[in-house]
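S.K.: With the hints as constraints, model all of the structure from the sequences given.
Number of protein chains: 2
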Amino acid sequence: MYINELIDRAMKSKNPNLVFKNANIVNVFTHEIIIGDVAVHNGIIVGIGNYIGKTNIDLSGKYIAPGLIDSHVHIESSMLSPGEFAKAIVPRGTTTIISDPHEIANVCGLDGIEYILEATEKLPLNTYVMLPSCVPATNFENSGAVLKAKDLERYINHPRVLGLGEMMNYPGVIYKDKDVIDKLNMAYVNKKMIDGHAPRISGDGLNAYVLSGVSTDHECCEKEEMLEKLRLGMYILIREGSATKDLKNLISGVNSYNYQRVMLCTDDKHPEDLLKEGHIDHNVRLAIQNGIDPITAIQMATINAANCYKLDKLGAIAPGYRADIIVFDNLNDFNIEEVYKDGKLVGKEKIPLFNTENMNFDKVLKTVHLSEISKKDIEINIETENNKEKVNVIQLKPHSLITKKVIRAVSIKDKKFQYNKDDILKLAVIERHKDTGNIGIGLVENFKLKNGAIATTISHDSHNVIVVGDNDEDMINAVNKVIKMDGGIAISSSNEILESLSLSIGGLMSHKNIEYVDSKFSRLVDIAYNTLNVSKDIDPFLTLAFLALPVIPDIKLTDQGLFDVENFRFINIKS
Amino acid sequence: MYINELIDRAMKSKNPNLVFKNANIVNVFTHEIIIGDVAVHNGIIVGIGNYIGKTNIDLSGKYIAPGLIDSHVHIESSMLSPGEFAKAIVPRGTTTIISDPHEIANVCGLDGIEYILEATEKLPLNTYVMLPSCVPATNFENSGAVLKAKDLERYINHPRVLGLGEMMNYPGVIYKDKDVIDKLNMAYVNKKMIDGHAPRISGDGLNAYVLSGVSTDHECCEKEEMLEKLRLGMYILIREGSATKDLKNLISGVNSYNYQRVMLCTDDKHPEDLLKEGHIDHNVRLAIQNGIDPITAIQMATINAANCYKLDKLGAIAPGYRADIIVFDNLNDFNIEEVYKDGKLVGKEKIPLFNTENMNFDKVLKTVHLSEISKKDIEINIETENNKEKVNVIQLKPHSLITKKVIRAVSIKDKKFQYNKDDILKLAVIERHKDTGNIGIGLVENFKLKNGAIATTISHDSHNVIVVGDNDEDMINAVNKVIKMDGGIAISSSNEILESLSLSIGGLMSHKNIEYVDSKFSRLVDIAYNTLNVSKDIDPFLTLAFLALPVIPDIKLTDQGLFDVENFRFINIKS
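Protein chains in written order, with this note's numbering: chain A, 1 to 575; chain B, 1001 to 1575.
Some clues are possibly wrong.
Short derived list, chain A residues pointing at chain B, Cβ under 7 Å [what the hints assert, rightly or not]:
no. : residue
1   : M11
2   : T30
3   : N258
It should be emphasised that the hints constitute simulated quantities derived from the structure, not laboratory data. Fair warning: this is a prediction, and the values are worked out from it, not measured in the lab. Glycine is no exception: its CB is placed at the ideal position from the N, C-alpha and C atoms.
M.R.: If you want it as structure tokens, here you go:
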């Protein structure tokens, strides 16, 4: 029996493979630092105390803690394949993630989920999956897949699937939408978790939402919101990622009585930030800088997440636990110097010490099912006899994903919209999953782009091709480049592609490493701002990516047309 | 869908059945008191806030908390059937127990486990079961059953079975006894818990024990012992029962960082103490009296146990949780006035408000498989030509289960032991499960009984008939009474039965209520001390019950003979 070999090592009748000697061990059960040896055999911690191993690593003066856990992350936001993502985050100390493959599932359906599961199978990163609960996000757009309860159920008992992913459809819960209830029930029947997503929900609605089985939330923005959710029994994931940063607002609500139900997550983190800041290690440092005791911060990033998600034998340094261990300098700086996964050194000085296989998983490749488009595909036809007409325009707000519906008079010639110099740009969303020929066309202001176009397959949540431009030629050129790359991002100016990034995995992720993706993407950002003069009040790619999501107010564009989010209906471009 | 009805009540589109109005609600997630209403529908808590129900109970000034959890208890120690046990403890606030049917399983094997599961099925008491891991306790006695891993596996996935019960065989773990490892592995493979039992185990041995999968311990006597176990990741159950009282020794080791891994249990509690003190409510009060914050004490008796044992939707007052709720007067006195189980009032002012069916479960009845015994069955034959001979005697120590082997010279006539006036009593253990005819006979001093005999089927762990006396006639009379009752306790003096208590369920439990059992048992104790003059330094029945357990030093008696625990071998009565 396998356990016998381990017992022999704990009892010292045989030597364990590896012993960390004289370490300051962060004890996440008792909130203490214990000085001692940690014996590891076959990837399992077998004893704490005084041990001698076949290999002995003296850690006098150093600290060790359990490997860190990101309790909610979309790998796709890194634009990296799971393997390259692991290379980026494992050396930063993350040894476990709870991922929600919401983006790739919107493109590839169950194949997308299967891809994430297969691509993470052999990584030195425990990758758990929450099944995306909202594919598609709404009925007002065409995504690559529609996932019902019975579809998701095929994966619910996969050993690394923990439950149902963030239930964004809050109205669907409280109004008892059958599809939503079926999914909640499917998770319940299979005794699995349900992650929440309940920004600003409170009172009766929050009671109903929690009652429905949702047990976590990572969308709190304010301390009082967090406390209300904690009181109702929700676990709180404090999010600090690239797009959304909640830690400073929330951390003062964490106290010694409630912190064991609080953990840390990134949700979405971009390559540049991963390289500059790190991953969950950054969130731990930020918590410490904001007054949280270092051991408490480490507990939030380890055992608390393991307890919430019932991850057996993860998140602590104790007998029987997996030897996922980080070595760091001191409790205040928390600089992670070495990372061990299952007892093997996999990262040192932020450098990964492992390779990943290049996995070819055909079902997530060649996902842009579109022929090249031409000028007439993106014409805006407005039935009028005038040369000016009032139209509905999407107005961007600075540093916000919320838009405003405004009415503007635009020039018309031969019943067609005419570009002008007044910052009214053309926006198009081109359905790319089923080749329906659907193209939604609208107008946007405050993007402030000049002499060019930006096209991308990253457009939440359905990830159709979205393009913005001030002339049709560059729009067509950029879109056709994206089509040619089988997905990705392209910038065209004067009918020339200035830069592009191929994202051939579902149009979302690259096979290349983080340094390559970051340098390409940084150039794209630089060109957008400095060559195309995109407004500094917005993020060119993030803003564009969310212009197609018809759940964020006030007005959005899907492949089916202009959508008035407030009134929950499509509207004409002509006002 | 069932959940829809509940959501309607949370959202106030329909009225819930029951609302507790204006209560001081103990919030076990945030360690706060929140004033508000608790809405309950179909036994489930649907919302906290402002609600109006079909029935409304004003609790202004009162406190409510989740129903209490006894995290480790042997129902059998109460000498009550599960139904009568529930009637005794539910009105005291206990709505959930984690029981280990170790005693009845030693008598009836799997039938004993099945009995506990069936008899608790419909009670207003959530009864979870840990499968007894050590039946029989040793190979040096005949019990009613031998339970191997494959036997236990038949019940491991029962919805109310949480795992493997207290692994008392610590040497079996560290020396990798195949049967023990098989049981541990069976629990591991089925993803179930393993309860521990590791008095005074520390260091490498504790590492090995924890490594083997054991995750709880309820045997700590000292604070340092508790802290060492907490550091290794064990959950600690602070025990305060009838026989063993650890709370005062341990409670000062509990702090705001580690208390969430600490809970409360009784282990064994006798009828008299249940009536006088209560159940887990007593342990909560005792914790408060010893300096623990009342909310912390309640958390230990509710959510901490639910978290440890992964009891979903138990142990808190929050949406989706079962409406197991106690109403009490104030935080310091913690007098429980009402108990609700699944939203129904089941106890008021310590009185049960429910009935239980009398379950006839034949397989745990008529378990004394013995014919009447006679004088020659309990003769002690000593091969000698002298009228005095040196013999091994079990010496009792005051207030302890540990005995000492002493050598005494006793009178012999016709090669037979002769009673004298020197407090050397005869002790016999009569195998009663398989009618093997095995009778172990020994001698005991410091019991100090005069002119009579006490016989009982409660004799740990195999529960053979054990009898002690100063003359053969009373011993035979008492034993034959126990046989006639199909199990129980009897006292004989001058060949007359002075008092008896029938324990027809496995020879361990009565069908009668707690008041009856307590009054009978109290009389037995009174007669033992005051008529038979048993030493006040011992507990007549507890001491007798443990004289047959060959794992407690130094010398014990099983049905197979006199056992030297130190040297782990049988010895002759003749020294």
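S.K.: Work down the list of hints and note, for each, if the structure agrees.
M.R.: Now for the hints, and whether the structure bears them out:
A cut of 7 Å between beta carbons decides the hint on A/M11: the least distance to chain B is about 5 Å, and the hint holds. For the restraint placing A/T30 at the interface with chain B, the shortest Cβ-Cβ distance is roughly 5 Å, inside the 7 Å limit, so the hint holds. Hint status for A/N258 relative to chain B: holds, with the closest Cβ pair at about 5 Å, below 7 Å.
Hint compliance for this structure: every hint is met.
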